[in-house]
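**Student:** Protein chains in written order, with numbering that gives the first Met the number 0: chain A, 0 to 168; chain B, 0 to 99; chain C, 0 to 340.
What the hints contain is simulated information worked out from the structure, not anything from laboratory work.
Quick caveat, the model's predicted, so the values are computed rather than measured.
Among these hints, one or two may not hold up.
[Claimed, not checked] Subject to a maximum C-alpha distance of 20 Å in a straight line, what follows is the list of computed SDA-like cross-link-like pairs (lysine to any residue):
1) C/K64 / C/G51
2) A/K139 / B/T66
3) C/K322 / A/K134
4) A/K23 / B/L34
5) C/K322 / C/T307
6) A/K134 / B/N64
7) A/K23 / B/V21
8) C/K78 / A/R47
9) C/K75 / A/I153
10) C/K64 / C/F109
11) C/K36 / C/R224
12) C/K78 / A/G18
13) A/K139 / B/G54
14) B/K53 / A/K23
15) C/K190 / C/F279
16) C/K75 / A/N24
17) A/K134 / C/S182
18) A/K23 / B/G54
19) C/K82 / C/A97
20) C/K64 / C/P47
21) C/K82 / A/N24
22) A/K139 / B/I65
23) C/K339 / C/S148
24) B/K98 / A/K23
25) A/K23 / B/Y83
[As the list claims (entries may be wrong)] Some chain A residues near chain C, calculated using beta-carbon distances under 7 Å:
26) V56
27) F57
28) M72
29) T129
30) Y140
[What the hints assert, rightly or not] The following residues of chain A were derived to be distant from chain C, with all beta-carbon distances above 10 Å:
31) E1
32) S21
33) V26
34) A52
35) F69
36) I91
37) M106
38) G109
39) F142
40) F144
For every residue, glycine included, the Cβ atom is placed at its ideal position computed from N, Cα and C.
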Amino acid sequence: MEQIPFFIFAAIAVLSAIGVISVKNAVHGAFYLMITLLQVAAIFILLRSPFLAAVQVFIYVGAVMVLFLFAVMVLDIGKEELRETFNQQGVIAIPAVLVMLALIGYMIIGGKVLAPAGNLTDDVLIGNSTEVLGKELYTKYLFPFEVVSILLLIALVGAIVLVMKDRKR
Amino acid sequence: MLTLTHFLILSFLLFSIGVAGVLLRRNIIIILMSLELIFNSANIALAAFSYFLKGLNGMVFVVFNITVAAAEVAIGLAILVAVYRNRKTVNVDELGDMKG
Amino acid sequence: MPDISLIVALALMVIKVFIVTTILFVLPLPLTYVERKVAGHIQVRLGPWRVGPHGLLQPFADMIKLILKEDIVPDKADKFLFKLAPLMAMLPAFVVYAAIPFGDKWTIPFIDREVTLYIADMNVGILYVLAISGLGIYGLIFGGWSSNSKYALIGGLRSSAQMISYEIAVSFSAIGVVLLSRSLSLLEIVKSQGGNLLHWNFFYLPVGPVWFAIFLIGSLAEINRVPFDLPEDEGTLGAGFHTEYSGMRFAFFMLAEYLALVTVSVMSVVLFFGGWNAPFNVPFVPPILWFLGKVILFIYFFMWVRFTLPRYRYDQLMTIGWKILIPVSLVNLIITGLMKI
Numbered sequence: 000m001e002q003i004p005f006f007i008f009a010a011i012a013v014l015s016a017i018g019v020i021s022v023k024n025a026v027h028g029a030f031y032l033m034i035t036l037l038q039v040a041a042i043f044i045l046l047r048s049p050f051l052a053a054v055q056v057f058i059y060v061g062a063v064m065v066l067f068l069f070a071v072m073v074l075d076i077g078k079e080e081l082r083e084t085f086n087q088q089g090v091i092a093i094p095a096v097l098v099m100l101a102l103i104g105y106m107i108i109g110g111k112v113l114a115p116a117g118n119l120t121d122d123v124l125i126g127n128s129t130e131v132l133g134k135e136l137y138t139k140y141l142f143p144f145e146v147v148s149i150l151l152l153i154a155l156v157g158a159i160v161l162v163m164k165d166r167k168r
Numbered sequence: 000m001l002t003l004t005h006f007l008i009l010s011f012l013l014f015s016i017g018v019a020g021v022l023l024r025r026n027i028i029i030i031l032m033s034l035e036l037i038f039n040s041a042n043i044a045l046a047a048f049s050y051f052l053k054g055l056n057g058m059v060f061v062v063f064n065i066t067v068a069a070a071e072v073a074i075g076l077a078i079l080v081a082v083y084r085n086r087k088t089v090n091v092d093e094l095g096d097m098k099g
Numbered sequence: 000m001p002d003i004s005l006i007v008a009l010a011l012m013v014i015k016v017f018i019v020t021t022i023l024f025v026l027p028l029p030l031t032y033v034e035r036k037v038a039g040h041i042q043v044r045l046g047p048w049r050v051g052p053h054g055l056l057q058p059f060a061d062m063i064k065l066i067l068k069e070d071i072v073p074d075k076a077d078k079f080l081f082k083l084a085p086l087m088a089m090l091p092a093f094v095v096y097a098a099i100p101f102g103d104k105w106t107i108p109f110i111d112r113e114v115t116l117y118i119a120d121m122n123v124g125i126l127y128v129l130a131i132s133g134l135g136i137y138g139l140i141f142g143g144w145s146s147n148s149k150y151a152l153i154g155g156l157r158s159s160a161q162m163i164s165y166e167i168a169v170s171f172s173a174i175g176v177v178l179l180s181r182s183l184s185l186l187e188i189v190k191s192q193g194g195n196l197l198h199w200n201f202f203y204l205p206v207g208p209v210w211f212a213i214f215l216i217g218s219l220a221e222i223n224r225v226p227f228d229l230p231e232d233e234g235t236l237g238a239g240f241h242t243e244y245s246g247m248r249f250a251f252f253m254l255a256e257y258l259a260l261v262t263v264s265v266m267s268v269v270l271f272f273g274g275w276n277a278p279f280n281v282p283f284v285p286p287i288l289w290f291l292g293k294v295i296l297f298i299y300f301f302m303w304v305r306f307t308l309p310r311y312r313y314d315q316l317m318t319i320g321w322k323i324l325i326p327v328s329l330v331n332l333i334i335t336g337l338m339k340i
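Could you put together the complete structure from these sequences and hints?
**Tutor:** Structure below.
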């Protein structure tokens, strides 16, 4: 029963991902990327983690993509359409990607990558994974959590310093 | 019945598309977006493993991943804005001054 | 043979979705009328008066006008995104209501069946509402960009900057509410405010009113209402991001804007003013009436604000967002956490 929604989400995600890398205009690329990200959120719901889905929509679609669009619109990069959009590395890059596709595809389909399959029966994961996730974050993963928050702070300061116009000169 | 393979194949397809985007495109913004695709494919794989292994470790890592991706985008776009101010281009082929 | 109760549950769900959507579609008609009347009376004039008694048919006249108007797509516009933008603004405004609880349970008379007065009780309801209502911004951004007009572009730019800045403050106030109510589910949040007036999150002194103020200011900025309506500042930007839109496409933007106003009123009531809970123990008043009454009060409040306050400058807007709201909410978060230990 869950297969039908999965295939719909997956198909839309892959098609719009192809859209992202093949469009000429960066704003259209952002539009397609937004659709892909929404499908990924739907996939998270199929994986019984509504919290991840909400965070995905909230942070990726709600903030990161808006930031992308803001940058594209501020710099007015939409006008670069005339130039060639793809570079000349295609001759090397496309075979490389195809070989990688074949290799990892062989490993996945051939069953080299495994996890014991089966539906989740634990109440924890189906019912209220959010609460358990929160507890894990603040106990077992407290140190990585703090490191990540410092990383965010550094990124915040770094971004401001990078775009600040030099006032002294 | 959905199995782990379904999710891994989806994750892997998105990953390949992202890599292709990074390798093939010239526009630096599209390259950043392709990086986001790669991040997302990793997130799908982590969440799928977490679900099928009946543990929460993968999901915790997805949360960290999303945080790191947000930081990456902030810095990436800041560098982009700084570069565009100085060079008036977002074409990566024209930004090769650091080549030895 | 399939399970009967499952089919009934599904049918009930469809009916609920249908009712909510219909109400939301019709809602802008009375709201435009009320808004103009409120404007009129605040500014000591009559407001709409000509069409029908007391101008009551004015919204219908407006609707007919908007339907009959020519649908113009500018020649240089990006056609694909230009046509999609109004829908992208409108859809999230509806989808938000999937998680909003209008009441707890209600027994239908005669057939004696209990129905819940919400479409879905999500265990991440508050995150869902914040995330989905944030998606409406794409309509504004894409609409502004695809019009290929500088006024529209600047309108879209301003709205995206405004949205990113104030989203943080609004999220902080949501965290505050989650700390006070100890749940992410909107249903649980309302239930935790049961009892009388003093159990409402707003009256959790001293932090409740501060959270509410942050939420109110941030939301006003996010839905582009006065005094933060810079994306559609008539004085400097024409009509802002929807300068190039006409007819029904313009109507969709207006619809989305009114629905966002209703959503913010509903969320204020749910998060801070006890949802359907009565302030005092009054017999015979059904909970849904309390809910609607509070929402209507808030809608009136927002209209009152709109016609009373002047507009902020853009740099003032950014200062309020980054230098006042965020530090205040950080301090408030620490105080709330200490009080809740």
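**Student:** All the hints need checking, so say for each whether the structure fits it.
**Tutor:** Tested hints:
A hinted pair counts as satisfied when its Cα atoms are at most 20 Å apart, and C/K64 with C/G51 qualifies at roughly 16 Å. A C-alpha spacing of about 18 Å is found between A/K139 and B/T66, which places the hinted pair at or below 20 Å, so the restraint holds. Taking the CA atoms of C/K322 and A/K134, the gap is about 32 Å. The hint is violated against a cut of 20 Å. Distance restraint check for A/K23 and B/L34: the Cα-Cα separation of roughly 17 Å lies within the 20 Å cut-off, and the hinted pair is therefore satisfied.
The hinted pair formed by C/K322 and C/T307 fails the criterion: a straight-line CA distance of about 25 Å is larger than 20 Å. A hinted pair counts as satisfied when its Cα atoms are at most 20 Å apart, and A/K134 with B/N64 qualifies at roughly 18 Å. About 15 Å separates the Cα atoms of A/K23 and B/V21, which keeps this hinted pair within 20 Å; it holds. Restraint check for C/K78 and A/R47: the C-alpha separation of about 38 Å exceeds 20 Å, so the hint is violated.
Taken as a hint, the C/K75 and A/I153 pair is broken in the structure, with Cα atoms around 42 Å apart against an allowance of 20 Å. Of the supplied pair hints, the one linking C/K64 and C/F109 is violated, its CA atoms being roughly 44 Å apart against a limit of 20 Å. About 18 Å separates the Cα atoms of C/K36 and C/R224, which keeps this hinted pair within 20 Å; it holds. A hinted pair counts as satisfied when its Cα atoms are at most 20 Å apart, and C/K78 with A/G18 qualifies at roughly 17 Å.
Annotation: proposed proximity of A/K139 to B/G54 holds, straight-line Cα distance about 13 Å (limit 20 Å). As the CA atoms of B/K53 and A/K23 are separated by approximately 42 Å, the hinted pair breaks the 20 Å bound. Under the criterion of a C-alpha separation no larger than 20 Å, the hint pairing C/K190 with C/F279 is consistent with the structure, at around 15 Å. The hinted pair formed by C/K75 and A/N24 meets the criterion: a straight-line CA distance of about 15 Å does not exceed 20 Å.
Straight-line distance between C-alpha atoms of A/K134 and C/S182 comes to about 14 Å, which keeps the hinted pair within the 20 Å bound. Between A/K23 and B/G54 the alpha-carbon distance is near 42 Å, which puts this suggested pair outside the 20 Å criterion. Proposed proximity of C/K82 and C/A97 is contradicted: the alpha carbons are some 26 Å apart, above 20 Å. Simply put, C/K64 and C/P47 have alpha-carbon atoms about 15 Å apart, close enough for the 20 Å limit, and the pair holds.
Taking the CA atoms of C/K82 and A/N24, the gap is near 17 Å; set against the 20 Å cutoff, the hint holds. Simply put, A/K139 and B/I65 have alpha-carbon atoms about 19 Å apart, close enough for the 20 Å limit, and the pair holds. This hinted pair does not check out: C/K339 and C/S148 have alpha carbons roughly 51 Å apart, beyond 20 Å. The hinted pair formed by B/K98 and A/K23 fails the criterion: a straight-line CA distance of about 27 Å is larger than 20 Å.
Distance hint between A/K23 and B/Y83 is fulfilled; the C-alpha atoms sit about 19 Å from each other, no more than 20 Å. Residue-level restraint check for A/V56 holds (minimum Cβ-Cβ distance to chain C is 4 Å; threshold 7 Å). Nearest Cβ of chain C to the Cβ of A/F57: about 4 Å, under the 7 Å cut. The hint holds. Hint status for A/M72 relative to chain C: holds, with the closest Cβ pair at about 5 Å, below 7 Å.
Checking A/T129 against chain C by beta carbon gives a least distance of about 6 Å; that is within 7 Å, so the hint holds. Below 7 Å, beta-carbon pairs count as interface contacts, and A/Y140 has none with chain C, the closest being about 19 Å; its hint is therefore violated. Against chain C, the non-interface label of A/E1 holds: every CB pair exceeds 10 Å, the least being about 16 Å. With a closest Cβ-Cβ approach of about 15 Å to chain C, A/S21 is found to remain outside the 10 Å limit, as its non-interface label requires.
Chain C draws A/V26 into its interface by the beta-carbon criterion, the shortest separation being 6 Å against a cut-off of 10 Å. The beta carbon of A/A52 is not kept farther than 10 Å from every beta carbon of chain C, the shortest such distance being approximately 8 Å. Taking the minimum C-beta to C-beta distance to chain C, about 5 Å, the non-interface status of A/F69 is violated against the 10 Å cut. Every CB of chain C lies more than 10 Å from the CB of A/I91, the least distance being 33 Å, so the non-interface label holds.
Look at A/M106: its CB is around 34 Å from the nearest CB on chain C, clear of 10 Å, so calling it non-interface holds up. Even its closest Cβ contact with chain C, about 37 Å, leaves A/G109 beyond 10 Å, as expected for a residue assigned away from the interface. Separation of A/F142 from chain C is adequate, the least Cβ-Cβ distance of about 20 Å exceeding the 10 Å criterion. Every Cβ of chain C is farther than 10 Å from the Cβ of A/F144; the closest lies at roughly 15 Å, confirming the non-interface assignment.
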